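Colleague: Construct the entire structure; sequences and hints are all you get.
Heads up, the sequence shown is in the numbering used here, so the first residue is 1278 and it goes up one at a time.
Honestly, the hints are just simulated from the structure, not real lab data.
Worth double-checking, as some hints may not be accurate.
Label-pair ranges, simulated between beta-carbon atoms [claimed, not checked]:
1) LEU1295 with GLN1361: 26 to 36 angstroms
2) PRO1330 with ASP1375: 16 to 26 angstroms
3) ASP1369 with ARG1332: 26 to 36 angstroms
4) GLN1361 with SER1284: 13 to 23 angstroms
5) TRP1343 with ASP1297: 27 to 37 angstroms
6) THR1312 with VAL1348: 16 to 26 angstroms
7) ARG1332 with GLN1353: 27 to 37 angstroms
8) PRO1352 with LEU1295: 30 to 40 angstroms
9) GLN1361 with ARG1308: 16 to 26 angstroms
This one's a predicted model, so the numbers in the text were calculated from it and none came from an experiment.
Beta carbons are placed, not taken as given, at the ideal position from N, Cα and C, and that holds for glycine.
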Amino acid sequence: GGHTGWSRAWLINFFARLGDGKAVDDNLRARGGVTVTKLAWNPSTIRVELSAPGRTSIRVRPPLGWTMAGVKRDPQGAFEVRPQSAPNFAIDFVRLPD
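Modeller: Quick look at the structure:
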């Protein structure tokens, strides 16, 4: 639909809770001209595919209880990701042990 702002965020959360990643993929954007092109998850991994043309790095924060394996957080709790040569890339978040 043509939802924007908080109503779109509410719908994204709703579809995520239902496990419908395909419905989430369509109107999702992040700061700085970054587009989420695909979102998939299971109980142990969240994979986010992004398009960030013209960006040399982006900062991401995973949901609470999740991390990026092999990457250190900055003092604000975010991870800096540097896309390789292509503007499209994937990020995998893994669940922290209980």
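Colleague: Evaluate each hint against the coordinates.
Modeller: Hint check results:
1. LEU1295 with GLN1361: 26 to 36 angstroms: holds (33 angstroms)
2. PRO1330 with ASP1375: 16 to 26 angstroms: Roughly 39 angstroms apart at Cβ, these two residues miss the hinted range, so it is violated.
3. ASP1369 with ARG1332: 26 to 36 angstroms: violated (19 angstroms)
4. GLN1361 with SER1284: 13 to 23 angstroms: Once the Cβ atoms are compared, 35 angstroms apart, the range 13 to 23 angstroms for SER1284 and GLN1361 is violated.
5. TRP1343 with ASP1297: 27 to 37 angstroms: Taking Cβ atoms as reference, TRP1343 and ASP1297 lie about 20 angstroms apart, which means the hint is violated.
6. THR1312 with VAL1348: 16 to 26 angstroms: holds (21 angstroms)
7. ARG1332 with GLN1353: 27 to 37 angstroms: violated (18 angstroms)
8. PRO1352 with LEU1295: 30 to 40 angstroms: The hint (30 to 40 angstroms, Cβ to Cβ) holds, given that PRO1352 and LEU1295 are roughly 36 angstroms apart.
9. GLN1361 with ARG1308: 16 to 26 angstroms: holds (21 angstroms)
Checked against the numbered hints above, the structure breaks hints 2, 3, 4, 5, 7 and satisfies the rest.
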